[in-house]
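Sequence order for the protein chains is A and B.
Residues 1 to 247 (the working numbering) make up the first sequence, in order.
Residues 1 to 122 (the working numbering) make up the second sequence, in order.
Heads up, none of these hints are tricks.
One-sided excerpt, in silico: chain A residues whose CB lies under 8 angstroms from chain B:
hint : residue
1    : GLN205
2    : MET209
3    : ILE213
Keep in mind the hints are simulated off the structure, nothing from the lab.
Owing to the predicted nature of the structure, the values given are computational and were not obtained by experimental measurement.
Think of the CB as a built atom: it goes at the ideal place given N, C-alpha and C, for glycine as much as any other residue.
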Amino acid sequence: MNENTNILKIPELANGKAIPFETFVSMRRTPCEILYSFSSSKNYGDEKGICRITGKESTGLKFDDWVRDTFTDYASLYPGTIISNESLFCFEESSELIAKKVNKDKPQRFRTYSHIVIDNDWYVLTKAQKKEIYELIINNEPDVCVISDSGQRHLLFKHKIGTWQFEDQHIQRDKETLTKIKLLGDELLNNNFSKTEMISGNYIQHRIMKYGIKKWKSVEDKLKEYRGSAIYDLAIWLSQKEGEKDE
Amino acid sequence: MNEKKELTQEDIAMKLLFPLWECIDSSYKEKYKTEVWQHFENNIRVAAYTSKLNYFLSKILKLMPIDLMAKFLKNVNEVMNSGEDKKILKWLRSETTYLVLQVRVLRQEINDSYKLFEEENK
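Bound-form chain A, shown alone:
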C-alpha cells in the first residue's frame, strides 16, 4: 500500500510541502468554530471525542444520541463519535443570541437566517435584506458567507470557508460576474419580468412585447450564458426592483 495515501498537498498552507490530512483538519478553522467564538462558550455536554461536524477533537454530546432520523446529510460528516459544543451552537433551534441580534422577542432558529462574518463582525440577516447581503459580500471578503433562502435547512455546518454558499450550493467568489448578472436581473425586474422567468428562461410573451423584443433579446443573450450556474441563481435571487425596500 502506498504510504502517502492520506497525505494531501496543500500548497497555500505548507509552501508546496505535503502535510498529513489530520494536520490539515486540525489547522483550519471551521464555520461552526468561528460563530461559536461569538457566543459565551455555551456548554451543551462534556462527552469527549471527535466531532462529526468539524472533524476535530472536542467535547459535546454523543452524536448518535443527538441526531434525529430526519438527518440525511451524512455525506458532509467526518468520522467521529460526538457533536461538539461549537457545532451544537450552530444547530440551535431556539437561540436567544439570534433573537437579540434580529430584535425578536422569542428565541430564533439558526437555520432561518443568513449568516455573514466579516472581520469579527457577525451579521444575521433575513432573506428580505437582499440589498444588505449584496453590499456585504461585494464590498468585503467574508470569513463566513451562508445565504439562506428557504430557511428550512441547516446550512452552516456544510459551509466551505472562502466560498459564497447559497442554500446547498458553494459558489466560487466572482464579484464581477455576480454584479453583471444582478444588474441585468434588476433591469428585467424593473420592467415587470419575474425571477421565475429569468431562472427558467421561459418568458411571458406580452411582457417581452411591452419591454421591446430587441432590448429583451440583448439582455437575455447575456443572461443565458450563465443560466444553470450557481452564481446565476444567487445573482437573480439578489436582484431587486428599484424602490423595493429591505426590511
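The hints should help you fit chain B onto chain A, whose structure is shown.
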C-alpha cells in the same frame, strides 16, 4: 455560381413559423384566444426535440391543428431543404420565444395595416 445564403433566425420566423401560425385552424385560435401564442411557442419547442427538420414538421402538424396552405410551401420548403437542420432545430429549441415573437409582431403589423386600410376606405 449562386452562393447559398445561410438562413438567419428572422428567416426561420418568417419562412417557417409564420406559415405554421397562419395555417392554424381559426376555431382553435378562437377557442384558446388568450393562450394560443403560448401554446404555439410550447409546441414549437416540444416538436424541435428531434434530429431532422421533416420530423419537426410532422410533429408540429400532429400537435396542433395546422393545415399548410399551398401559398406558403415555397418558403417552408426553402427552410426544409436548407441542409441546416441541426442549427435550425437548436434555434427552435433555445430561441423559441424570440422566434415566435417575431411572428407575433409581424401578425400584429399585418392586422394594423388592415385596420388602417379599412378606416381609410370607409
